[in-house]
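Novice: This is what each chain is made of:
Protein chains: 2
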Amino acid sequence: MAVWGERLAGVRGVLLDISGVLVDSCAGGGVPIPGSVEAVARLKQSQLKVRFCTNETQKSLGKLVGLLQQLGFDISEKEVTSPGPAACQILKERGLRPHLLIHDEIRSEFDKIDTSNPNCVVIADAGDYFSYKNMNKAFQVLMELENPVLISLGKGRYYKATSGLMLDVGAYVKALEYACGVEAEVVGKPSPEFFQNALQVMGVEAHQAVMIGDDIVGDIGGAQRCGMRALQVRTGKFRPSDEHHPEVKADGYVDNLAEAVDLLLQHADK
Amino acid sequence: MAVWGERLAGVRGVLLDISGVLVDSCAGGGVPIPGSVEAVARLKQSQLKVRFCTNETQKSLGKLVGLLQQLGFDISEKEVTSPGPAACQILKERGLRPHLLIHDEIRSEFDKIDTSNPNCVVIADAGDYFSYKNMNKAFQVLMELENPVLISLGKGRYYKATSGLMLDVGAYVKALEYACGVEAEVVGKPSPEFFQNALQVMGVEAHQAVMIGDDIVGDIGGAQRCGMRALQVRTGKFRPSDEHHPEVKADGYVDNLAEAVDLLLQHADK
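Those sequence lines, one after another, are chains A and B.
All letters in the first sequence, in the order written, are residues 1 to 270 by the working numbering.
All letters in the second sequence, in the order written, are residues 271 to 540 by the working numbering.
All clues given are correct.
Covered by chain B, per the in silico footprint, the following chain A stretches (three or more residues, Cβ under 8 Å): (1) 125-131; (2) 134-147; (3) 156-169.
List of simulated lysine to aspartate or glutamate pairs, DMTMM-like, C-alpha gap at most 25 Å: (4) LYS137(A) x ASP398(B); (5) LYS519(B) x GLU177(A); (6) LYS249(A) x GLU414(B); (7) LYS63(A) x ASP111(A); (8) LYS49(A) x GLU77(A); (9) LYS403(B) x GLU105(A); (10) LYS430(B) x GLU183(A); (11) LYS137(A) x ASP374(B); (12) LYS137(A) x GLU375(B); (13) LYS407(B) x GLU177(A); (14) LYS249(A) x GLU453(B); (15) LYS160(A) x GLU447(B); (16) LYS137(A) x ASP512(B); (17) LYS430(B) x GLU146(A); (18) LYS403(B) x ASP128(A); (19) LYS249(A) x ASP262(A); (20) LYS249(A) x GLU205(A); (21) LYS430(B) x GLU177(A); (22) LYS407(B) x GLU105(A); (23) LYS519(B) x GLU144(A).
None of these hints come from the bench; they were simulated from the model.
Don't be surprised by glycine CBs; every beta carbon is placed ideally from N, CA and C.
Work the whole structure out from these sequences, hints included.
Specialist: Following this line, the structure appears as structure tokens:
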């Protein structure tokens, strides 16, 4: 196990993805991935700093955290970095008034944003709200703008629900990018600003931090590009082919969060 | 006008796009673009060979031609090259059993195709059938295949309806390509095989033919890559920025089909 000692040497902070690492989504909310409730508890009892870093945009932050607490997780809203608040800050700074192509569940996060006479489109994982009619409306708003701005909360390809793999917002972002000839600005993973914000709140440098996620591109590749280390769990949307990804190689592959925490508690910060 | 004489010298055959050139689509069917009924009639009375070349997949070929006839156009089914029949031939040749993500209106074109236990996905302009649920089903079928095959009937970005610009199949193709990491095989414009098939039926060489369309990429760029000339009409989905497209330059821009036919009758085959 000397190899793990090298891989995890000097780690002081841990960023945890939520969907696919803590829970698998399902229609009602989520089911814990075996061992993950205890793994989070053990991690938080250790010397390591812990923060959660999610692209979840089908539920408001409050609702997401409430559901995780009901499932037994030790988590609070202030411990989570999520794209909604980050997007609101960008909109305010740049005087942008969004047309919102988002799930009704997170509409409240944009309550204080002026949405009249839109001059941009914000797209998030809208699930069933990705009807042709709603997509077409967002497309028409963009086509009527002289300088179309498309802001995407995450750019994931798909995620794992208990019922199977589900299309994520990234697919619909690509659709609008192609139709309108624009490139979306991504808020959320794998945007470097998003990871850096999470690190800053944790008070840990990138080289002292490790990301644990199930998405080889968004979690692992994104974190590594910021100078962090990253472990991929073999839960959630993990597929065996991820271990031979043409562009991204994780610093380690583990069966699940419980194994990652075992290794961290044994080898980190040494 | 000497320039038109050069541009159209030696033209013996004309390929006509339908949507945006003959008609603008609307919920009920379509409305003729002013002057286009007479322009088609004049063209067909001339020495020039004429064929229609469409990516229309929201209506069956029979229904499309029936609607155009009702609007006064001189057109029959055997004069139209459309993607449905071309796709069926490919499916049969390669033993492919499609999951169909298509409009109910064209389902009859696939009546003789085995769709049990799918080993590919065929996507066409499904309009309101592009629900999240239907997109997700197609995504899941592709993800379960060892060698995913995605066949797309056209790859247009958008088209013009009387109610405004509407997202076309290409946007949804991009969504599935990104989510599944595949590249679609396009049947229809701008596929070279599709244009070549139309030319062959007309009995005209590419250098003797001109395409008339409203889509700078699919119609104009596609036809030019096959060695044809191509005129863009300023109707349908035409936008002024098309005349300064970074990659495609039409052999000429005309206000509408009527002007194109005026020029052809004056200058072609000379």
